[in-house]
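Novice: What follows is the residue order along each chain.
There are 2 protein chains.
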Amino acid sequence: MTTVHERVDTFHDNDQKPIGHGRMLRKEDPRFVRGRGRYVDDVQLPGMLHLAILRAPVAHARIVGIDTSAAEASPGVKAVVTGAMLAQQNLAWMPTLSNDVQAVLATDKVRFQGQEVAFVVAEDRYAARDALELIDVEYDILEPVIDARRALESHAPVIRDDLEGKTNNHCFDWETGDEAATAAVFARADVVVSQDIVYPRVHPAPMETCGAVADFDAVEGKLRLWSTTQAPHAHRTLYAIVAGIPEHKIQVISPDIGGGFGNKVPIYPGYVCAIVASIVTGKPVKWMEDRSENLISTGFARDYIMRGQIAATRDGRILAIRTDVLADHGAFNGTAAPVKYPAGFFGVFTGSYDIEAAYCKMTAVYTNKAPGGVAYACSFRITEAVYLVERIVDCLADELGMDPAELRLKNFIRPEQFPYTTKTGWVYDSGNYEPTMRQAMDLAGYAELRREQEEKRGRGELMGIGISFFTEAVGAGPRKDMDILGLGMADGCELRVHPTGKAVVRLSVQSQGQGHETTFAQIVAEEIGIPPADIDVVHGDTDNTPFGLGTYGSRSTPVSGAAAALVARKVRDKARIIASGMLEVSVADLEWEKGAFHVKGDPGKSVTIQDIALRAHGAGDLPEGVEGGLEAQICYNPSNLTYPHGAYICVVDVDPGTAQVKVRRFIAVDDCGTRINPMIIEGQVHGGLTDGVGMALMEMIAFDEDGNCLGASLMDYLIPTALEVPDWETGFTVTPSPHHPIGAKGVGESATVGSPPAIVNAVVDALKPFGVRHADMPLTPSRVWDAMRGQARPPV
Amino acid sequence: MTTVHERVDTFHDNDQKPIGHGRMLRKEDPRFVRGRGRYVDDVQLPGMLHLAILRAPVAHARIVGIDTSAAEASPGVKAVVTGAMLAQQNLAWMPTLSNDVQAVLATDKVRFQGQEVAFVVAEDRYAARDALELIDVEYDILEPVIDARRALESHAPVIRDDLEGKTNNHCFDWETGDEAATAAVFARADVVVSQDIVYPRVHPAPMETCGAVADFDAVEGKLRLWSTTQAPHAHRTLYAIVAGIPEHKIQVISPDIGGGFGNKVPIYPGYVCAIVASIVTGKPVKWMEDRSENLISTGFARDYIMRGQIAATRDGRILAIRTDVLADHGAFNGTAAPVKYPAGFFGVFTGSYDIEAAYCKMTAVYTNKAPGGVAYACSFRITEAVYLVERIVDCLADELGMDPAELRLKNFIRPEQFPYTTKTGWVYDSGNYEPTMRQAMDLAGYAELRREQEEKRGRGELMGIGISFFTEAVGAGPRKDMDILGLGMADGCELRVHPTGKAVVRLSVQSQGQGHETTFAQIVAEEIGIPPADIDVVHGDTDNTPFGLGTYGSRSTPVSGAAAALVARKVRDKARIIASGMLEVSVADLEWEKGAFHVKGDPGKSVTIQDIALRAHGAGDLPEGVEGGLEAQICYNPSNLTYPHGAYICVVDVDPGTAQVKVRRFIAVDDCGTRINPMIIEGQVHGGLTDGVGMALMEMIAFDEDGNCLGASLMDYLIPTALEVPDWETGFTVTPSPHHPIGAKGVGESATVGSPPAIVNAVVDALKPFGVRHADMPLTPSRVWDAMRGQARPPV
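Protein sequences, first through last, are from chains A and B. Letter by letter, the first sequence follows residues 1 to 796 of our numbering. Letter by letter, the second sequence follows residues 1 to 796 of our numbering.
Please keep in mind that the hints were generated in silico from the structure rather than gathered at the bench. Fair warning: this is a prediction, and the values are worked out from it, not measured in the lab. Among the hints, erroneous ones may be present.
Subject to a maximum C-alpha distance of 16 Å in a straight line, what follows is the list of computed EDC-like cross-link-like pairs (lysine to aspartate or glutamate) [unchecked claim]:
| hint | chain 1 | residue 1 | chain 2 | residue 2 |
| --- | --- | --- | --- | --- |
| 1 | A | Lys222 | B | Glu627 |
| 2 | B | Lys570 | A | Asp589 |
| 3 | A | Lys662 | A | Glu461 |
| 4 | A | Lys283 | A | Glu220 |
| 5 | A | Lys570 | B | Glu627 |
| 6 | B | Lys222 | B | Asp541 |
| 7 | A | Lys222 | B | Asp653 |
| 8 | B | Lys222 | A | Glu627 |
| 9 | B | Lys222 | A | Asp190 |
| 10 | B | Lys249 | A | Glu28 |
| 11 | A | Lys249 | B | Glu28 |
| 12 | A | Lys594 | A | Glu584 |
| 13 | B | Lys456 | B | Glu627 |
So the derived label-pair ranges between C-beta atoms look like this [said to hold, decoys possible]:
| hint | chain 1 | residue 1 | chain 2 | residue 2 | range |
| --- | --- | --- | --- | --- | --- |
| 14 | A | Met679 | B | Val219 | 52 to 62 Å |
| 15 | B | Pro603 | A | Asp140 | 41 to 51 Å |
| 16 | A | Gly683 | B | Glu72 | 45 to 55 Å |
| 17 | A | Asp42 | B | His170 | 20 to 30 Å |
| 18 | B | Gly620 | A | Lys166 | 23 to 33 Å |
Glycine included, C-beta positions come from ideal geometry on N, C-alpha and C.
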């Protein structure tokens, strides 16, 4: 790991003071490293029952009948519930708030393998699962539709015959950009490159699976729900709408969460089943997925069949980009799936390049797969867009015979062009791409690598160097088209300073491991001068935090981080007025430094923020008109998204005999604007890079022709370990966001977004001697072997 | 029960619209009537241990030695802790914040019977209590000082020899008013009456005793404390100061509380012991008093030996009042005991009368009794002051041969004199006394009662009619001299409207049965138009509510009620701006009615508060510069106290043969300003009147000459039941407080304050044929018998 402070200082030296206490240890880790984290599955309530879900064994079938009598008679079983029973309460289907409905429990048909068909509530988990096997479901098997291209065929079986008048599997058509203008540019371009590219279906596979403990109190009419959600407030509002429980009678508690990565944004049927089960039994009910359930039924991402086209001049000036996407949304367009269109894709599919025209057309279809609409870092389909553009830029470089680094440097949006409006109308807030790229090339020793590659190629060795340069659009935020939950995008934040000068900051966002308890304490500490150790960060409990949308799309720091900084400034402004009373000088005569106000020119005459806090709570008089207490709240709606960027360079070696890819080096230079805790940022980047290795080389949720999911366990769905990744080499530049109060942009998903194209580009580069221009992920040995031999396996 | 609406309408017809939903059923009762309230003793935590306290069997003794070895060896015992052990951690004594220290566990001496000497922590309550008997304490018995007059004698044993240089039992001297001016008025008065009066030591005896569950998490450094406190925020701050745990790492949860009446304001050693026990054992620890512990060691009140003097003209014009008080503060001036002086006593000892001069002198002493500094409704010693003044006014009437009603009517502060500044500098905010008095007399049929009495006296029957007229000073509030916890007196309140238009209001005050969940929902509903059922009231959890001082001294409605109304108005102001954007008219063109804004002159064009809430959370654009969300917070510090008043008339029959007093009728006309929920007000009044019957006729914590407490069980300390009380007859007038946003004044303690003098005056009136002018409470048959025979038992 290398950090290059000197280089950064050259660009933005005024942003280099550490925020809060910089590289401090994480406040949450004392409990995590002692095994004292408290997850949903740790919740034990008196009299708690356990719920297990019966799932469809087939991908597409009509339900002829369900016999639950044997299950009901099974020892310890308290209730067996089917879709037909839910239908009597009008609860068998739930609105997804993304222009669709989704079955809570199947009534008419099952539409994907793993779909929820019935559930059992029993005294313990074992009794519940044993009873599942006693439920007798008679299925009338239908032809499954697994391939998105097949779904569009005129004689394909209609999956969503529950939707009135529906006679095909078409889900949505979307487009952005100017089709005619783009066609005109393509028509006059020297060079046009077109490439079909598949981003396969992958799964976020968080350490902790999904689950909930529902505790409905019939006397108070109150539902208390511990759940593995990334968005407790949005879930509360949605439950109020879906289940009809008044919103103020729902408490959603999201305790420690073992990773989310987008998998924990949607509302799954299991949550609703747990709520129903608690209402029916009058007891608390726990539902926890096992690994297989999580892998077959929740939160898929990608599954895009794309064609990318790029037009350029002969000397390497990129003129236009055109893409055509067939998106597989699975059987339902679930909660948190795109509502209007995949906004992030539309925002950044033209990459980091200053071009003349762009157009994107996308068709989404239903298939007999689990709902796939959710975001796996990064949300809003930015990952797919970045992969597409960075792949076709490399294809163009190949076509032109140009070095891919040189091609990118030639086409970057220039610093003076920011804020830069893309051809689809998005406004990149700030950026300075060339220094980031140059730093990555310096760290990599790019020229030397190319020499080494040349040399190795001479010896028949397959070394590849892959570059990707990404711009993300994160921090939703102000764009209604990124409002995946239909609830607006503002985030609340509250800061309260106690009488003795300790503080608590309450966030609407919530952590799945990102270190919010540390980062937000640092942001507030920086503004208010109370040490981070004296600031508690509260989140993940709708009864105890202000409303806001939750943690996804790298939005915590861009949105809630801004809220925290601004609310701390509000408190400081009030403290200043109280201090002026205590020191008997005017507000203008006060200077703020390190948690205290002192009289200008007389540093000895000062009051600390702790003195002020005690005064604010009654220890003495306050200036006329000043309310007691020392606190503030804010509901923050940013004026724009933030646009982090980064330059990644990957070096791979491919074994010519086994086609095994080894990632030898990976250089990542990230620019996420102002950096709060560099250690946490590096952790996020390391995790995202590892994600990228998995997606590029190993991960794919595949289906057989009957619609059986072939990735139902971690034996079949491979995720990377420390053995598959190199020592990461990281650097950074700092281009602050101009509209964020401390200039931070968010980094949670950058590396997941940016690393797959770098790795694939490196592998393809390694295979250049074989004339390979493209090969689809995951680049397993067999796929690489086929590519070397000029064959192509079916992409999915 | 009679309510006289007509009469009220005559006076204040514009204040008669019901607040919120008026006489609605209490929102908290569904859980209480089903036995689903959740009290501290209902808290069960995994691995929880139980604490029992060894208490001093004698009132005054030196501790020679303590042997805990047998207790430590007792089955199930986890720890035995003595004062010596606490002393090693510097925790044996705690500051009371009332200019004193108090022993957590006795080290040098025990100073009252029941004082905490050691504690045992064990696996269950039985093991803990059994082990107490195995602790061997060797005492060197000292002479106890039980009588406050003895305490002042020069050769009395010095109780507080722990205080450096202390050579006597003197605690405080306080005075208020102008001594010389008062003496001058007395010198020229036609008539002077002097009466020695004792208000005996009584105990609030709440249904639920005190207790706590302490759960210290060593990894997080966080203390979670469920406790039976009336003031969770103040306790948190005090624990931070006393125990050194940072304030943001302490969560005090005050769940459902089974009555407080002032008993649950102080910090008792038991709470601190529970905290220490959890830290020492690493486990959650529960401590719950039994009834006897509660009666002998917690929260006594009164214990005043008073001399009241009143000067008047021959025709019944009261000129001046002078009082001299000897106050028994017990062994320690505990937390929540008067800090500077007994403010409420000083505020209202001149009663409801417009007089020329007043003076009060008070001496407080230490005795070998439990700390008695706390308030038993009413706080601040208002109860004693009202009793004194209403008793001596009756003595004056007797001296003058005037009817006591006529004497009072003649001397009332007149309506045009409000705001009225008393001779000790307190400003009564509003009042209109004569109509209140006349209503009580009308309801009683006063003239007819006097005729009946005359007639009965002729037959040798002992019928008495007693009047009291009180003015209380409540709602602390702005006076720093009423700041019994030294933390200022402001209260925070927050209101948040959820996206679907349901709301939650968070209070710093907390309920011990007063119906806050209903009353505060009504106050907010009245202002914001959301039904009370859709408004949750959250209180009693320091992690989840804004800072404020707690519920005592009838301050919830005067202070937090004002805060709730004002914060709701803030939210309505914001809603108005959003509505103007939704309806596309200016703010000035909007009219508010029944939870909706409509365009002036066009009621069809309107938006409800629920529509506005959804819009505020992202359902559409907001006007320029308006933050998202629909919420507000306030920290409210009233500009003055509120001064409820009332006229009470009691009719008693005394059995000439047994001296048994029967309260035949009781008429109570209360003026607590604007009334929110009349049913809850009546409930408070009924409870307070019952208190009064107890104090007047039955209750006294007595001690024998060795200092043994003779009221250690409810077999000995008698409290009234339904059998001892009549059907209450209540009426009301409404004189709004001019500085409270809705004009409310608070009623929680009125009846407790106002009823004892009415009952005693009635009994004394009944005994007039025997020449009785005064008899001290409690007027048990033996005391009444003695009075009839011209004897007087020792007052305490």
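Novice: Does each hint hold? Answer for all of them.
Specialist: Right, here's what the structure says about each hint:
This hinted pair does not check out: Lys222(A) and Glu627(B) have alpha carbons roughly 29 Å apart, beyond 16 Å. Among the hinted pairs, Lys570(B) with Asp589(A) is inconsistent with the structure: their alpha-carbon atoms are about 32 Å apart, more than 16 Å. As the CA atoms of Lys662(A) and Glu461(A) are separated by approximately 13 Å, the hinted pair is consistent with the 16 Å bound. Proximity of Lys283(A) to Glu220(A) is assessed by CA-CA distance (about 14 Å); at most 16 Å being required, the pair is judged to hold.
For the given pair, Lys570(A) sits about 14 Å from Glu627(B) by alpha-carbon distance, which is consistent with the 16 Å threshold. As the CA atoms of Lys222(B) and Asp541(B) are separated by approximately 15 Å, the hinted pair is consistent with the 16 Å bound. Restraint check: the Cα-Cα separation between Lys222(A) and Asp653(B) comes to about 51 Å, which exceeds 16 Å; the hinted pair is violated. Our distance criterion of 16 Å between C-alpha atoms is broken by Lys222(B) and Glu627(A), whose separation comes to about 29 Å.
For the proposed pair Lys222(B) and Asp190(A), the alpha carbon gap of about 68 Å is over 16 Å, so the pair is violated. Note on Lys249(B) and Glu28(A): the hinted pairing holds, with a Cα-Cα distance of about 14 Å set against a maximum of 16 Å. Between Lys249(A) and Glu28(B) the alpha-carbon distance is near 14 Å, which keeps this suggested pair within the 16 Å criterion. At most 16 Å may separate the alpha-carbon atoms for a hinted pair to count; Lys594(A) and Glu584(A) exceed this at roughly 20 Å.
Taking the CA atoms of Lys456(B) and Glu627(B), the gap is about 74 Å. The hint is violated against a cut of 16 Å. A hinted range of 52 to 62 Å for the beta carbons of Met679(A) and Val219(B) is inconsistent with their spacing of about 21 Å. The hinted range of 41 to 51 Å is not satisfied by Pro603(B) and Asp140(A), whose Cβ atoms lie roughly 57 Å apart. For Gly683(A) and Glu72(B), the Cβ-Cβ distance of about 48 Å falls inside the hinted range of 45 to 55 Å, so the restraint holds.
Range check, Asp42(A) to His170(B): Cβ separation about 57 Å, and the 20 to 30 Å hint is violated. Checking the proposed 23 to 33 Å range against Gly620(B) and Lys166(A) shows it holds: the Cβ atoms sit about 30 Å from each other.
In this structure, the earlier hints numbered 1, 2, 7, 8, 9, 12, 13, 14, 15 and 17 are contradicted, and the remaining ones agree with it.
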